[in-house]
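Peer 1: Sequence:
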Amino acid sequence: MAIIFIRTIVVFIALLLIMRLMGKRQIGEMQPYELVITLIIADLACIPMEDPSTPLFYGIVAILTVYFLHQTVCLIDLTVSSARKFLSGSPSIVINKNGIDDTQLKKNNLDVSDLIESLRTAGYFSLDSVEYALYEAGGSFSALPKAGYEQRQNSLPVVIVSGGKFDKKNVALTGKDEAYFRSVLSDHGCNNLKKVLVMTVDGEGKGYLQQRGKKYEVFSLGWEGLW
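If you number the sequence shown the way the working numbering does, the last residue is 266 and the count never jumps.
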């Protein structure tokens, strides 16, 4: 028992030193390759702690080897621009002046609901309240709000159509039916539900519609104070 206790202390100190040497980014926001290296180090650290028959020195050497690999990859990442894109990726602009970029969402294995959740987390509740939005290479979300965006989100929008399908629960929340929203879509030149990337409405009757491959539209449905 005492041996395991001492071995654990030694490994802990070694890991603490390695993590400090890796820098502040390793402790905060990590690039993909840094996450992989961190997971490997954590796995290597468990071996000498759990198995007393494994020489402690072997575990320390393995951890140090991974550390030197990390430093090498970091050096390449900082000095070779073409390698940086491969190792760390690049930001993906998912909202631009035309609206949602569905291609970039798919590239990052995301859908419209993921984007809306990220916007809400950042404090933006209407899809038309931001000029640009992007996912950074490290996975964090950033958005550039439009001037006076607070006036664009007076009521909580709900998703009526996403990915060419009605959200039946939200349709019922509005007190309308699918036929009503199909007529709204038809009025805006969309007779094929499958072409709708997203359609939202809020309690003040503001609608947001984006068809695949087209610029978004914002319009009024003529109701107020539903929620």
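There may be inaccurate statements among the hints.
[What the hints assert, rightly or not] Below are the BS3-like pairs computed for lysine-lysine, each with C-alpha atoms no more than 30 Å apart in a straight line:
(1) 185 / 204
(2) 215 / 146
(3) 124 / 146
(4) 146 / 136
(5) 254 / 207
(6) 233 / 253
(7) 234 / 185
(8) 124 / 136
(9) 185 / 146
(10) 207 / 253
To be clear, the hints were calculated from the coordinates, so they are not data collected in a lab.
Peer 1: Now tell me if each hint is right for this structure.
Peer 2: Verification of the supplied hints:
Simply put, residue 185 and residue 204 have alpha-carbon atoms about 29 Å apart, close enough for the 30 Å limit, and the pair holds. Using a Cα cut-off of 30 Å, the hinted pair residue 215 and residue 146 is violated, with the two alpha carbons roughly 35 Å apart. Between residue 124 and residue 146 the CA atoms are separated by roughly 15 Å; this keeps the pair inside 30 Å, and the hint holds. A hinted pair counts as satisfied when its Cα atoms are at most 30 Å apart, and residue 146 with residue 136 qualifies at roughly 19 Å.
Straight-line distance between C-alpha atoms of residue 254 and residue 207 comes to about 25 Å, which keeps the hinted pair within the 30 Å bound. Note on residue 233 and residue 253: the hinted pairing holds, with a Cα-Cα distance of about 14 Å set against a maximum of 30 Å. Annotation: proposed proximity of residue 234 to residue 185 holds, straight-line Cα distance about 27 Å (limit 30 Å). Distance check on the hinted pair: residue 124 and residue 136 sit about 25 Å apart at the alpha-carbon level, within 30 Å; holds.
The straight-line distance between the Cα atoms of residue 185 and residue 146 is roughly 25 Å, inside the 30 Å bound, and the hint therefore holds. The suggested pairing of residue 207 with residue 253 holds, with an alpha-carbon distance near 25 Å, which does not exceed 30 Å.
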